[in-house]
Amino acid sequence: MAGRARPRLAVWKFASCDGCQLSILDCEDELLALAEAVHIANFPEASSAVEEGPYDISLVEGSIITAHDAERIVKVRQQSRLLVTIGACATAGGIQALRNFGDIGEMVAAVYASPQYISTLATSTPIAAHVAVDFELRGCPVDKAQLLEVISALLAGRKPAIAAHSVCIECKRRGITCVMVQGTPCLGPVTHAGCGAICPSFRRGCYGCFGPMETPNTAALAGQWRRLGAAPREVQRAFRTFNAAAEPFLRQSQAHDDQDDPG
Amino acid sequence: MTQPAGPGKAAVIARAGLQQLLDALGAAGYEVLGPAVRDGAIVYDRIAKVDELPAGWTDRQDAGRYRLERRGDQALFGFVVGPQSWKRFLHPPVETLWSTRQEGERMEVTAPQPDATRYAFVGVRACEIRAIAIQDQVFCGGPFPDVGYAARRHNAFIVAVNCGEAGGTCFCVSMGSGPQATAGFDLALTELLDDAGHRFLVEAGSAAGTAMLQGIDRRAATDADLAAARAAVARAAGQMGRTMDTDGIRELLQRNAEHPRWDQVAERCLSCGNCTMVCPTCFCTTVEDHSDLAGTSAERVRKWDSCFTLEHSYLHGGSVRQSTRSRYRQWITHKLSSWFDQFGSSGCVGCGRCITWCPVGIDITEEAAALRTAAAAPNRGQDGTP
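Protein chains in written order, with the working numbering: chain U, 1 to 263; chain D, 1 to 386.
Rather than coming from a laboratory, the hints here were simulated on the basis of the structure.
Do not rely on the hints blindly, as some may be mistaken.
Said to hold, decoys possible - Using C-beta positions, here's what the derived DEER-type ranges look like:
no., chain 1, residue 1, chain 2, residue 2, range
1, U, A35, D, Q322, 39 to 45 angstroms
2, U, R204, D, D195, 44 to 50 angstroms
3, U, R174, D, Y314, 44 to 50 angstroms
4, D, A48, U, R174, 29 to 35 angstroms
5, U, D29, D, R67, 38 to 44 angstroms
6, U, R204, D, T96, 42 to 48 angstroms
Stated by the list, open to error - Footprint (simulated), chain D over chain U, 3 or more residues, beta carbon under 8 angstroms:
no., stretch
7, 23-34
8, 152-161
9, 164-177
10, 180-188
Glycine included, C-beta positions come from ideal geometry on N, C-alpha and C.
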């Protein structure tokens, strides 16, 4: 990078919990190297010194839930050479996409004392539904090693080494015994790798934080969950969390809409 | 098949003798690995004491199902094979091939030192010995041997254990790979637990094995010991949970590339890759390049990969095998058929891991049988995927 201006980085927040942005600050050992490799020009979560665009790389956290969001993301795109979405909200609509399954008017009335002040869209949608996205990094939150890998790859002009296969492959590489074959329902077989199989390593089933893997057979997995004793409602809830609006998870949760729990 | 194999006379050791063997292997500089109970399964881990072996445990296995259960006795090897195979030591899941660092104007490339680990594998089943032989062919049989694998394999000491019972997904008899180890070991044990006591028939299969036995308390095997060992192996052979009809199987797969069964199995298949990860012969890897933030150092890493991923068949412009149908067909056809063309043998040893550890319980023996029984209805042209 010597002799060249450092690439300018911006970090943007839309509807989200800030957890993915915190993953950047959580890169404690690598934070100085990051600040040397890029010029952090716009990162309000970390610094009030905000510089104007354009930016070489924009990291976008959060989903689009207001008309204002929808306008703002277009402006972000216009100022950004590369736009990378980080986390389940930005790539799939996040947990707040649960609103997509209900009546937003009723929800606002139930939550707010003065709902007339709330201006919001009926749905939570991912960034890619509004503007072109150069790379989507999964996770709730993102994995910091994967985040550094994406930034390093973009700086080097190479493809990020981010696998889109199942969690099972990283689970097996770690030598973890499959919890599902031992009787615990797990979303690992349909979930995008990246977390390093954290939950199975603690003998829990995967919760699907990284959203659908590249070729998810959610119907076959749901069938096996039922055979392991999960009620339709439990299957629906499993697919309706952080990535509820991701198409393969959405279809599978809807497939269990009208099924009553047995017994 | 039930004749004791290997040079030298069979001997009998007690449980204390087995401890002496573990001690001797450790003293000889081996990293001793054997079966141990972890997280409700029997996996391979470092062991130093006989007490760490899964005494009194057995495994109940079926398609997509594995449970440990207590045995009525204190057998040390009263189970079959678990989720792991010795592959993870000889062919590790993640390996750095080389790294590089920019030093001023120079670029330094570092290759890792050849792996000098000397593994002693204790409790290697006959099917696993066959699997190791198959991977030997894959990694060392061609003009460009895998240096790391070859070094680890050359240094390895193998203590086989013949199976005295079979598991619910075992079919080594069909594949001609068990339940008795006939070659490819340094020492082979047969666990005997009867009125004559808890003991192990031990046979040497190599000079290293014979030498290792020298310091161990043992007695010559009697005809009764030999008969008990034969009976144990025969019992296992008669208990196979699965069978695979291998008659003409190579041609069966080649002939049925458009069989309707592929669509049926694709309905169930998760394309998660578990079958390939647990298979003791599956060897595919992917290579990842990583560079650091400063752009001054980089490394190339090799990781276990699976033919069930899209990336695995990625060529310029896209993946060749887009459908799950084509990926499952690729896997089983390679395993049972084109493996012969490539390596001169079947790629399946009948260990049953792919059946047990498939989250939805897809059974390779059932799928192969279905190709025989159902009528082949050509559907070429209707399926848009290769």
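Are any of the numbered hints broken by this structure? If so, which, sorted upward? 3, 4, 6
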